Each structure stands twice: as structure tokens, then as C-alpha cells.
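Listed below, chain by chain, are the residues.
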Amino acid sequence: MAIDTVRQDIQATASDPGFWLIAGGLIAFFPSYFISGTPGAVVTLVIASLLMLYAGFTVFRDGWIIPVIFFVVGIVLQGKIDLGSALYPLLIITIIGMLVHGVIRRATSSGEERKGSFGRGISKAAVGAIPVIFFIVDVALIHILINPPFSLRLGSVSTAFLLHTPWWVYLGLATTKAQTGLVKFLKFAGILYLVLLVPFLGITGAQASMQVTPDFLETIETEQLIREREARIENPAVSQFKCLSQGRTLDLSACVAERQEEARLEHHCQEIEEHAEGTFAYETCVKEQRELHKHPDAQISGKVDPNQEPMKFVFRFDEGFPSVFSLAWGEPRFTALLEYEIPREEIDILADLSCNFTLRDRTASVEGRISSSNPLHLQERKGKESVTCEPIAPLNGSYKAVYAVILRALETQSDLSRFFIGDKEGENKTDEIAIIAETEGQLSEFADSSAAADPARINFGIGNTPRDPVISSVRSLSIGLSVENSGKGRIIDASYQLHLPGFAASCLSGDIPLTDHQRAAPKIVLPGCAVDQYPEYLRHAERYADHEFSAILHYDYEITAEKEVTVS
Amino acid sequence: MNLRIVSLLFLSLFLVSCSKFPGEDITTYNFAQGIKEAELRFLQNAPPKEVLPSADFKIIVEVENQAAYPLEDAVVSLIGLKQPLFQPFTTREELPLLQGRSALSPLGDKGFAEFDVFVNDLPPGKRQKEETFRVELAYHSTMEFVDTVCVTANLYGIYDSGCTVNDRKSYRGQGAPLAVTEMQEIITPSEVEFRFRVENKGKGKANFVNVNDAKLGSDELRCEFLSERGRTTIKLGKDNQEAVLVCRGIIRAQRSYTTTLTIGFSYDYELGGKRAVSVVQ
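Protein sequence lines, in the order shown, are assigned to chains A and B. If you're matching positions, the first sequence starts at 1 in my numbering and goes up one per residue. If you're matching positions, the second sequence starts at 1001 in my numbering and goes up one per residue.
Bound-form chain B, shown alone (with noise of 0.2 angstroms):
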């Protein structure tokens, strides 16, 4: 009897350890922090290593949402597969809305893309071909960047027994692959100016970025991307995955304040893998 309780605390204890959340209780955890992003597997044998002509075979794409946001039209689909030795039934599969880490679902919903592949008679004379594709995942999903900052009118930093303004931090993601990784703070007599770098940190692509709604306390603040005047939308170029967003507000009170600062972007992302085949006659 004794023995079994203590096997069972030494479980017990091997479990703690090895948990996701080191040093933390799960429901107190931030899962918006750091870079985690959409995860792309194939499944085992799916599709296998070589097929056979005049045969299907299966493609099965794992989506495993370890952002700490939900993923919204989700769709998965096959490129490249060569025609006519390939003959897909279909090259596109939507997935559900596949909620993200969150101490209700640590582990982040998982979704599965499904594609049956008939393989056509190889040429006369080939015993092998090997044929590379593609398979891409794009969705929908947010980011939320919240912060506690120090507001001040006074220009020349005196203190004035408040708080003391950090005029530049770092930060290392929260939760997406779309990341603010620096923010600035300038302060100019009647505002409070507001300088993000706006970072894809992901594996993949980011094309459309969108600022929802950001705030300084209650307040509105007013934002634009740097490159596109007047703007909160902005695509990103394929070979310059960041952007600077401006962001002002007023000051409230003349002397220093902490406040919390909050700006919800959207976006679209595209991730892809690629996979070979081998048909063997």
C-alpha cells in the first residue's frame, strides 16, 4: 500500500515536471508571448513515400493551431502536383475555426485537410519518377499587444514622484507569428506619440496587416502604418515582412500616469511545406 502511494507521488511529481507550463499553474499562464504560430505535419504514411500507377493514395495535412489566437478560414490546399500523372479529386479543404492556446485548451485545437490522389500509368519506358508538391495553409487571425506604459506631459523627464517613461522596449512576441518587437515612446507637449515595429516572426508569409482598434487607457488612439500615410492597413511585401505603425494619442493629465496600452491587429498568413513522391512502376 505504502509503496503504491509513493510510486504514485513519484508520478505525480515526474508529471509536474514535465509540464508545458514550468513553475506556473496553468490558468495563471500567458499564452500571449513569444512566437508560436499554425504547425504544418503530414501524417504518417499520408502520403506514403512511393505510390503506384492506377492507385490512390491519401494526403493528410495536420493543422495544430499553437498561436494564442483563433485561426478563421483556414483552408488548406495542394499546389504543384503534376498533371496528368497526378489526379487530385480535390486541392482545396477548409478547416474549421481552430481556436488557439488558452488555459481552456492548452494544447490549441487541431484540424485535418484531407485530399484523395489518383495516380496515372508512368510513360512508356520510365520505372520511376519522383514529383515534388506543395501544400499551403492560409487563414485569418488576430494579435493583441498589450502594455503598461508610463504617460507624461513633462517634456524634460523630472520627476515628479509618478512613474519614469521608457522611451524604447523590446519584446519577444505575444503569442502569434505576427509580433510587436519594439515600441517607442515620444513625448511632444500636447501627445503622446506611439512607434511599433511590427514584425513577422513566423515561418511564413504575412500579406495583409491590420490595426482593429488601439487604445491608451480609454482613450482612442490615432494610428497609421509609416509607408502608407492615413492608412492602418498595410501589405507586406514578400521580402519585407515588417512594418512601422505610428500611433498618437492625448495626454490626460499633466502629471505622469501609468496606463495600459492596447492595439489589436489582424491579419492574413500563408504557410507552406512541400513533400516529394515517388511513383514506382
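Just chain A, same shape as in the assembly (with noise of 0.2 angstroms):
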């Protein structure tokens, strides 16, 4: 009899669309850590993809034609995820395929059943969105919401929240029908998990952190970057378990928030700055980070200048590029375009190319000889260039074509505003910088330094506090520094320059040594100095000197792109 039971239960829960969502779901959920880079973003949309199609086909039945829809424009059609120029066009698509929908429906209804038939057929086709939307949260809801027009900054718990969430297994959750103890024990576990993770999403202040709108599948790649990062921070809703078995209920979000950090800031010092746990240097590393993030004022962070144009440098693979070669053609060639912008007015940059055919599960490569041009002087503004690999052993099976170059000598310039006031005090100090906002405009739009969007830029603060626009010359001044990756390769070598007329501090230029970890870090903190000395004529500014400071990295900068090709 329990044997039937237990039987029966199988059965029910095994034809229950909704039960295969959540297994689906939590299948999408844990690989989605481990694998990195592009691989990891494509095995994400493939499961959201599949997930999504499975939904609309099954959980929502008639609501198949939405997803199908979007997965065909969307993705097929490498689609953007920009809710300004592509969802809107995608709406209206969906619109027309839910009126056919409607028509369909008419058409093959008859008698009594054809009433209304056109509404029921296009409202069933609406419930096909909902799969969508949580396709979409899957796989890109960070970068939407930190992007225009939400444009929201988002706190590292709420991030960890946004991206410890399986939603997959939600949707499931919520449209299983079957009424199993397995299933009452995944809705309880779910609940359970809500509960911890809920009390913690909060969302701050406005300010965008990303200016780029990659395509689709760098959108996932970001996405799965931070969840890579974020993985090695503790979830959330252990955290909370933790605390809650501390006894510190009375402050358990601090504590939560406090847990976070903590795990951030051995991260950081772990993997980033690459020390060892327990030595001197770790613990100055933790204390140095900790320190910064009591005091976000001394975090010297930067913009993007929408004014100045970027360098771009890009590996491109045409139409032509034979992804299966036969070696009855002769000697395997491969040939890819290295396109390149350089908008600056003297422009000599040395190209180093290099490849290599890597098999597909990297267990081995054979090395690849540049027969084309190389090293390359990119001279000119715009322009491509092709490269052309030939491997230097015998090929055969399935590779990948691996491009890298290394571009010397990039520059790239950072500047800064800053408003001296002299030695004013008091109402004086108040009433001038009332009229520095009423003329310049909202002071904290002057905090941080801007460049171009190059590949990497040195981000500078100079003042009494380094993002503080004003500076009193009552009080001391310091500098402090960092250096922002915000393209895809990594900073290989680098120095710095900062442009400071008449300033005497010790930290005005210098090299920076880099780990190998930091070199595809997305920020590095580089140690800041105190001024010793500046230029009378700004210590006594009778009224506001408005002055503008410049900074320039000097570095060299690798970016690498892969291909599959198949020899055989």
C-alpha cells in the first residue's frame, strides 16, 4: 500500500511540468558558478533559453508563441538587451505574433467555441511573457537594472540577493501542480530560503557603474563575471544562519552586511592582491581594505567622459574564416580582423600578435605563427588589419583558434576639477561654495575624475578628502589613486603620470607592479600620498580658482578572442 503511495507520488510528480521547472532550475543554477568566461555565459543562455521554451511550451501551453518569438529575434538574431532600442521593436513583434495568435485560434475554432475565441486566443498568447521576463532576470537583471534608464547603484547585498536567487526554481514553484511531499518540501525549502534572503534587498542611491552596452552574450558574460566574484562571498541566506545562531538578532542585518564584507575583503586580498592567508601581508591587505571601506571618500573612483572619443581595438572573424578546414586545401591558414579606433592626434601603437590552436578541452595546444604583418604600427584613426595564424605542427580535430595582441604604448588621459577657496572659513567658506554650485553646478558631479572609455584609465582625487571638489588651504591635502580595467583584456605593464604644476607630493608618477591577478582585476587601488607643497596663488585664492588636473596611464594591454575551427 505505502509502496503504491510512494509510487503514485513519483508518478504525479514526475508529469508535472512545474516539478521539471524547479529541477531545470536548480540544474541552471549551481554550474552557472563554476564555469567562466564565454563558455559559461553561453551554457547560461542555453539552459535559460531551453528553460524558457520549456515553460511557454508546457507550464503556460498556449503561451509558447511569445517565448518562441523572442528566442528567434532575441537571440538568433544576436539581439541587444537595451531596453531603449530593442525590447520596444521585440514588443511590437510580440504584439502581431499574440494577434495571430488571436486570428489562429478563430480560425480553427467553429460553433460556440468561435465567440471570443480571438480574445482567449490572444490573452493565453500574453502569458507566454512571463516565461520571458524570467529569462531575462536570469540572465541579465543586474545589468539591466545598473544600466540606463534604472540606472541604480546597487549594494553588494542586494547584489549577492539578485544573484543568489534560482528563479527558475520560483517559477517552478509557483505553477507546480502537484501536491507531492517532495514538492511541499521544495516549496517549504524555497519559502525558507525567501525568508532569508528577502530582508536584505535594498537598493541605493542612482548612479550608473556601467557605460557600455555589450551585446547579448557580453551581457551574460558581465552578469557571469559578477556571479564568479560573488560566488566566492558568502550567500546571503547563510549568512543570515550564521548570525541567527550567533544569538545577534537584535543587529542581524548589520551583521549579515558586516559577514559580507568581511568575505569580500579576504577575497580581495586572497585572489586579487594575491596574498596568503595568515602573512604579514594579508593582514595589512584586510586592514588597508577595511579602512577603505569605512571611509568610501578615500575610494577614488572615476567616470567615463561621454565627450571623448574611446579607443577601441576589437578581433573580428568575417564571413570568410573557414571554421572546418580541410587539409586537402592545403596548409591550414586562419585569418581574423583586428579592427581598431584610435581618436587621438598622434598615433603610433605597436601591435604584438601572437595565436595558438587550443584543443577544446584545453588538455593541449600547438603553437600558431603570425604570417602576416607583425609586429603592426596602428597609425591611422580607424582601420583593420588582418591576421593571419598558421599553426607550426600538424592539425587534427577540433580547436580553438586562439588571437592575442598586445598594444604598447596605449595613453590614456584622466582629468579633474577642483575648486580652491583659499583660506576661507566659516559663513565666508559656506557662501563661496554656494556660488561655485550656483555656477558650476552640482559639486558632487566634480568627485571623480573622467576619461575616455578606453580599455583602462587611472582614476585620481586630489583635496582635503581626495573626492572633496572644494579644497580649503586650512586644511592638509592628499592624493589618492587607482587604475580602472573596463575592457575585456588585461593590463600588462603600466606607470602613471600625474600633471600637478607646482605640487610637491610623493606619489606625482611611478610604476605600477602588478600580479597576475591584478592585471584582469576590474580596480585596483594604488597607495595615494599626502601634498607636501602647492602653488601660493591657489593657497590664497581671494575668489574660487576653478583649476583642472590631469593624469595619464601609460600601459600595455592584451586582448585575446577565440575561435572554433575544426581541421580535418
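Lysine-lysine pairs mimicking DSS-like chemistry, simulated, CA-CA at most 27 angstroms apart:
| no. | chain 1 | residue 1 | chain 2 | residue 2 |
| --- | --- | --- | --- | --- |
| 1 | A | K312 | A | K488 |
| 2 | A | K488 | B | K1126 |
| 3 | A | K429 | B | K1201 |
| 4 | A | K429 | B | K1205 |
| 5 | A | K429 | B | K1082 |
| 6 | B | K1274 | A | K429 |
Hint data in this document are derived by calculation from the structure and do not stem from the laboratory. In this text the structure is predicted, and so the values were computed from the model without any measurement.
With the hints as a guide, bring the two chains together.
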């Protein structure tokens, strides 16, 4: 009897599409943390697409048409996740699809059923938007939230919340019709997990932190990067559980935030700064990071100046690239294009090219030889160069053709505005600051340095605190520095120079030693310093003096691209 | 011939009707009324909206004194021009004494401050940069409050065939940005007390306000600012551009009489304006 009940339960569960959505959601949730880069993005994209189509066809049955339209238009045609430019045309196509569904429904109905069949057809098609929404939420929610039009700045806990939520599982839990013990348990576990997570969903501030609008796969890669980074940080639900077990019920949210931040600092010092846990350097790093966290003013940030055209370098594989190469055609040769834009006055950038063929499982690789010009001198503002790679040993099978270029002697200038008010204090200082704000606009706009959206840039600040744009000579001055790698490559070598005429300080220029992790890290905080001396005319400015300073990052930058090839 | 005379008459009529002093002879028009102040204008195309790097451009500021009093020690300053992108040759220009409007000079004096600015190159890769700057006019000027008041030693306002005390009067200004906007008259057995609300009603900022002389008829009044006991000078705060002045004098007769009340003020004033210039590569 009991065996029969269990069998019935299993049968009921297995025949419920909602349950399989839960299972699929769980399967999709975990691998995304562990497969990095483009492969990870592809896996995420494939699983999310399958779940979207599965949900459309089985859970929402008649609503299959919208996921299919979204899949065909949005994925196959490489549409962009850009609410402004892509989703609106998609919306129109979707409405047309709904109307078509309504017409088909009306055409295939007869008699009494025909009455109202058009409207029913439309509304049933409309429920297909639900899997599409979950698809977007799963693959690109953070990207959408931090970019225009929302431009939200997500706190670390809310980022963790958004990334640690298995969205498809919850869609499955909400739609499952099975009432078996297993499903009840999963529902209970799902609610418990949400209870542990939800109190920490806090979205603060409003500031765009990404300026690029990458294509679909790049969007998911970005999301993937955040996910990989956050995977090493404690899950907020686990943090809360541990805080509760420590009896910190009165300051639960503070406790969770502390644990999250500590984990983030430890991760930074271990993985980015490459210090072994327990060493003096590691302890110092954690201490410094903690200080930076306590005093956000000391954290130097930068922003992109939209009026400055950025340098761009990218490998492209056009239609002529032979994905399948037959040895009968002769010696294998694969040509990619290096496209670049260098909107600068004096251009002479050396591009050092290299290539190899790596087996798909990455167990071995065959070195390649660049048979086109190498190194290249890039001297045009905009151009394309063919990069032909030939293997130096015979190939047979499926490989990834990996192209790399090290762009040498790149320079990116950052600018920073500061307002010197002399030795004014009290009411005079307040009045002068009010006049500056009235003339120049919101002072917070001047806190950070700005630069073109080049692959990398130096961020710098100078002031009574480095991010304060109004400088009083009554207090001492300090300089803060950081390097931001906003491209998709690695900084190979870097040095910087601050142009602060008449200023004396120990950090006005220097080489930037980089560990392997720091080369690809999105941000590296450099040691700042105090200003020992600065010009008298700024020190004793009668009325405010608006001064712009600049800093130049000199760097070599490596970008890579890969494409699958089969040689037989 | 007749047509010419008729045309001339119409033209005269048109000109008269366009006068700034409607219904009044310019020789008797009271310029010391209302809120009038110096006006600050940029001359057309100085600065131009767009300027080129590695070239000079001019900023010319016209100052027109619409007040009824002269502007002394007037200085025009150029503030907040971003350096080193802009290199002004000078940032401070002194203006000569600018007489106020009067029957002899009904339009008020004008002065010009001219600044030459060199534009350096834009940062590499930057095609355009818009920058905002400010010009400020600082000057010293005066203002005179004159009115006829009724003074009486009669505390209870019993009519004595003389005049009646108006214990609270409002004013629309004395032809300057600084204005006495209200006066209260308080009679005590031995003296008369006047309380004046002095306000900056102009577009700029008044700094130090000083009472130079105060007379009731030919008698000196003893004055002090209410918030600065015993002092005839006050510094007005940015957000509080008004003060109360208290002046006391003796009453010369038992019966009511009318007499002239005169208070002379001097003050420092600042007036500013901003402008944007785009540097285009």
C-alpha cells in the first residue's frame, strides 16, 4: 500500500511540468558559478533558453508563441538587451504574434467555441511573457538594473541577493500542480530560503556604474563575471543563518552586511592582491581594505567622459573565416581581423600579435605563427588589419584558434576639476561654496576624475579628502589613486604620471607593479600620499579658482579572442 | 509743407508718449524711487558661444548704473574660468565712477570691462568642452531716505490742530537696491523713536551697510542697528539681507509739527552673472 502511494507520488511528480522546471532551475543555478568566461555565458544562455521554451510549451501551454518569438528574434539574430532599442521593437513583434495567435484560434474554432476565441487566443498568448521575463531576470537582471534607464547602484547585499536567487526554481514552485511530499518539501525550502534572503534586498543610490551596452553574449558574460566573483562571497542566506546561530538577532542586518563585507575583503586580498592567508602582507591588506570600506571618500573612483571618443580594439571573425578546414585544401591558415579606433592626435601604437590552437578540452595546444605583418604599427585613426595564423605543427581535430594582441604604449588621460577657495572659513566658506555650486552645478559631479572609455584608465582625486572638489588651504591635502580596467583584456605593464604643476608629493608618478590577478582585475587601488606643497596663488585664492588637473596612464594592454575550428 | 508739419507733430507726440518718465517733466522726475540697481550685461559675441583652441577671445561686460546714486570703486572680476584651458590676461578691471540717474544724466552712466582670454588645446581625444564662468561686479554706493514726518509730544494722539502721526509707513524703495521698506514711529514722553526696515531688494548681495548721517529736521538722530547694539554698521548675511535700524531724537515742541527725516546710508554690494563658453576643436 505504502509502496503504491510512493509510486503514485513519483508518477504525479514526474508528470508535472512545474516540477521539471524546478529541477531544471536547480540544474541551471549551480553550474553558472563554476564555468567562467564565454563558455559559462553560453551554458547560461542555452539552459535559460531551454527553460524559457520549456515553460512556454508545457507550463503555460498556449503561451509558447511569445518565448519562441523572443528566442528567434532576440537570440538567433543576436539582439541586444537594451530596453530602449531592442525590447520595444520586440514588443511590437510580440503584439503581432499575439494577434496572429488570436486569428489562428478564431480560424480553428467553430460553433459556440468561435465566440470570443480571438480574445482568448490573445490573452493565452500573453501569458508567454512570463517565461520571457524570467529569462531576462535570470541572465541579465543586474546588467539591466545598473544601466540606463534604471541606472541603479546596487549595494553589495542586494547584488548578492539578486545573484543567489534561483529564479526558475521559484517559477516552477509557483506553477507546479503536484501536491506530493517532495513538492511540498521543495516549497517549504523555497520559502525558507526567501525568508533568509528577502530582508536584505536594498537598492541604494542612483548612479550608473557601467557605460557600455554590450551585445547579448557580452551581457551574460558580464553577469557571469559578477556571479563568479560573488560566488566566493558568502551567500546572504548562509550569513543570516550563521548570525542567528550566534544570537545576533537584534542587529541581524548589520551582522549579515559585516560578514559579507569581510568575505569580500578576504577574497580581494587572497585572489586579487595574491597574499597568502595568515601572512603579514595579507593582514595589512585586509586592514587597508577595511579602512577603505569605512571611509568611502578615500575610495577613488572615476567616470567616463562621453565627450571623449574612446580607443577601441577588437578581433572580428568574418564570414570568410573557415570554421571547418579540410587538409585537402592545403596548409591550414586562419585569418581574423583586428579592428581598431584610435581617436587621438599623434598615433603610433605597436601591436604585438600571437596565436595558438588549443584543443577544446584545453589539454594541449599547438603554437601558431603570425604569417601576416607582425608587429603592426597602428597609425590610422580607424582601421582594420588582417591577422593570419598558421599552426607550426600539424592539426587534426577540433581546436580553438586563440588570437592575442599586446597593444604597446597606450596612453589614457584622465581629467579632474578642483575649486580652490583659499583660507576662507565659516560663513565666508559657505557663501563661496554656494557661489561655486550656483555657477558650476552640482559639486558631487566633480568628485571623480573622468576619462575616455578606453580599455583602462587612472582615477585620481586630490583635496582635503581626495574626493572633495572644494579645497581649503586651512586643511592639508592628500591624493588618492586607482587604476580601472574597464576593457575585456589584461593590463600587462603600467605606469602613471600626474600633471599637477607646482605641487610636491611623493606619488606624482610611478610604475605600477601588477600581479597576475591584478592584470585582469577591474580595479586596483594604488597607494596615495599627502601633498607637501602647492602653489601660493591657489593657497591664497581670493575668489574661487577653478583648476583642471590631468593624469596619464601609460600601459600595455592585451586582448584575446577565440574561435572554434575543425581541421580534418 | 503742411504734411511735413503734421508728420513732425505726430513724431513728437510719439516720442513724448515713449518717454521713460510718463506724465512728468524730466527735470522734476524723482529718480530716487523704486528698486533700481546696476545692470550687468555681456556684449554680443563677447564672449562668443564657441571658441577655438590656440586663439584669443574677448569677454566684454557692460555695467549700466540704473540707480539714482553713483557707483564708486566699481570692480569687475572674472571668476571660475577653468585653468589651464583658459588663460585670462587679467581677471580684474576697475571701472571709473559711474554716476547715477539724474535730471542731468537720465539714462545713467555706463562702463565697460574688457578681458582677453587665451584658449589652450583641449585634452587629447576631446572634441568639445563647455565651461561655465562668472563675472562679478563689486562696488560701493550710497542711498538716501527722505520723508516728511509728523512729530508730537502728545502721547495719546489728541488732535491739536497740527499734524497726525502715521505710526507705520511702507516704501517701495529709494532708487537703489538697498531700500528702506518700512518705518515705524514711536512716541515716548521725551523723545521720538523711528524703526526702519532696511532690505536688499536687488538681485545681488549687500555686504556692509553703514549709516552715515541721520537727521530729524536739523537735529542729529542717534542710530544703532537692532542686532548690533551701539553700532551704525552691520554686515548682512547671505541668507538674511535685511536689518532693523533704530534712530532716536528729541522732540522740539509740545504741539505737533511736521519736519524732514533724512537718513544717509552707504553700502558695499556684489552682483554676479554666469556664462558658458564651448571650446570646439
